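Generate coordinates for the entire structure from the input sequences, incorporating the hints supplied.
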Amino acid sequence: EDQVTQSPEALRLQEGESSSLNCSYTVSGLRGLFWYRQDPGKGPEFLFTLYSAGEEKEKERLKATLTKKESFLHITAPKPEDSATYLCAVQAREGGGADGLTFGKGTHLIIQP
Amino acid sequence: SQTIHQWPATLVQPVGSPLSLECTVEGTSNPNLYWYRQAAGRGLQLLFYSVGIGQISSEVPQNLSASRPQDRQFILSSKKLLLSDSGFYLCAWSRPRNIQYFGAGTRLSVL
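Just so you know, the sequences run in chain order Z and X.
Residue numbers for the first sequence follow our numbering, so the first one is 1 and each next one is one higher.
Residue numbers for the second sequence follow our numbering, so the first one is 1 and each next one is one higher.
Hints may be right or wrong, so weigh each one.
Said to hold, decoys possible - List of simulated lysine-lysine pairs, DSSO-like, C-alpha gap at most 30 Å:
1) Lys105(Z) <-> Lys68(Z)
2) Lys42(Z) <-> Lys59(Z)
3) Lys79(X) <-> Lys69(Z)
4) Lys42(Z) <-> Lys79(X)
5) Lys68(Z) <-> Lys57(Z)
6) Lys105(Z) <-> Lys42(Z)
7) Lys79(Z) <-> Lys63(Z)
8) Lys80(X) <-> Lys42(Z)
9) Lys59(Z) <-> Lys69(Z)
Just so you know, these hints were derived from the structure itself, not from any lab.
Predicted model only: the values in this text are computed from it and were never measured.
Right under this line is the structure:
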């Protein structure tokens with residue numbers, strides 16, 4: 001069974017204080033690892049897809065990296081508007097016909113001014 | 001560009017009442033469609049997916065059902081709601097084996 005564990009569950013940072021969010025996964029053949037951002041009461045917003053170990057992607061203050069067992073979402077010099085819940089999900093190579101994602105519970109990030 | 005619509009945004013229903021949530025996608029054809037549920041303290045859980053009209057697969061046994069009467073329409077239903085059906089319901093679409101894009105969600109409270 002595919003599993004995704006995110007840590008920490010919650011993180012409070014000062015504006016400008018860089019940090020990293022962790023996503024550990026077990027999957028029977030990884031097709032892709034996805035990062036989403038979710039604001040309260042809204043649907044998840046796509047950020048990144050990573051497909052193979054060693055791959056990195058960046059968008060503004062966010063950088064996602066992937067190893068064979070985990071992914072990190074690095075946040076550099078965050079601003080209050082980066083406050084949200086960040087979700088990690090995996091898609092298995094052999095999905096049995098379903099491309100459904102297995103999600104972690106998320107990391108609730110608060111950036112204080 | 002593609003857009004996905006879900007309604008209603010919020011719903012309060014009594015136990016035992018029926019349910020119908022609708023999702024439509026614009027700007028693409030023959031998308032894969034998904035229903036997820038997000039319960040408090042839990043990750044998003046895949047409930048149903050569909051690769052075409054009338055083709056529905058269920059990932060977990062439950063009190064809910066799904067239908068796809070048209071190419072870009074996906075409906076989540078229940079004949080009799082349970083308290084445990086409360087949660088945040090999300091519809092998503094994707095091209096096969098590609099990124100999933102989510103709607104704004106429906107907050108369902110069963111009382």
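Hints, one by one, checked against the model:
1. This hinted pair checks out: Lys105(Z) and Lys68(Z) have alpha carbons roughly 20 Å apart, not beyond 30 Å.
2. Straight-line distance between C-alpha atoms of Lys42(Z) and Lys59(Z) comes to about 21 Å, which keeps the hinted pair within the 30 Å bound.
3. Taking the CA atoms of Lys79(X) and Lys69(Z), the gap is about 42 Å. The hint is violated against a cut of 30 Å.
4. Between Lys42(Z) and Lys79(X) the alpha-carbon distance is near 26 Å, which keeps this suggested pair within the 30 Å criterion.
5. Between the alpha carbons of Lys68(Z) and Lys57(Z) the distance comes to roughly 16 Å, so the proposed pair stays at or under 30 Å and holds.
6. For the suggested pair Lys105(Z) and Lys42(Z), the alpha carbons sit about 15 Å apart, so the restraint of at most 30 Å is met.
7. Simply put, Lys79(Z) and Lys63(Z) have alpha-carbon atoms about 15 Å apart, close enough for the 30 Å limit, and the pair holds.
8. Taken as a hint, the Lys80(X) and Lys42(Z) pair is honoured in the structure, with Cα atoms around 26 Å apart against an allowance of 30 Å.
9. In summary, the hint linking Lys59(Z) to Lys69(Z) is supported, as the alpha carbons are separated by about 22 Å, within the 30 Å threshold.
Checked against the numbered hints given earlier, this structure breaks only hint 3.
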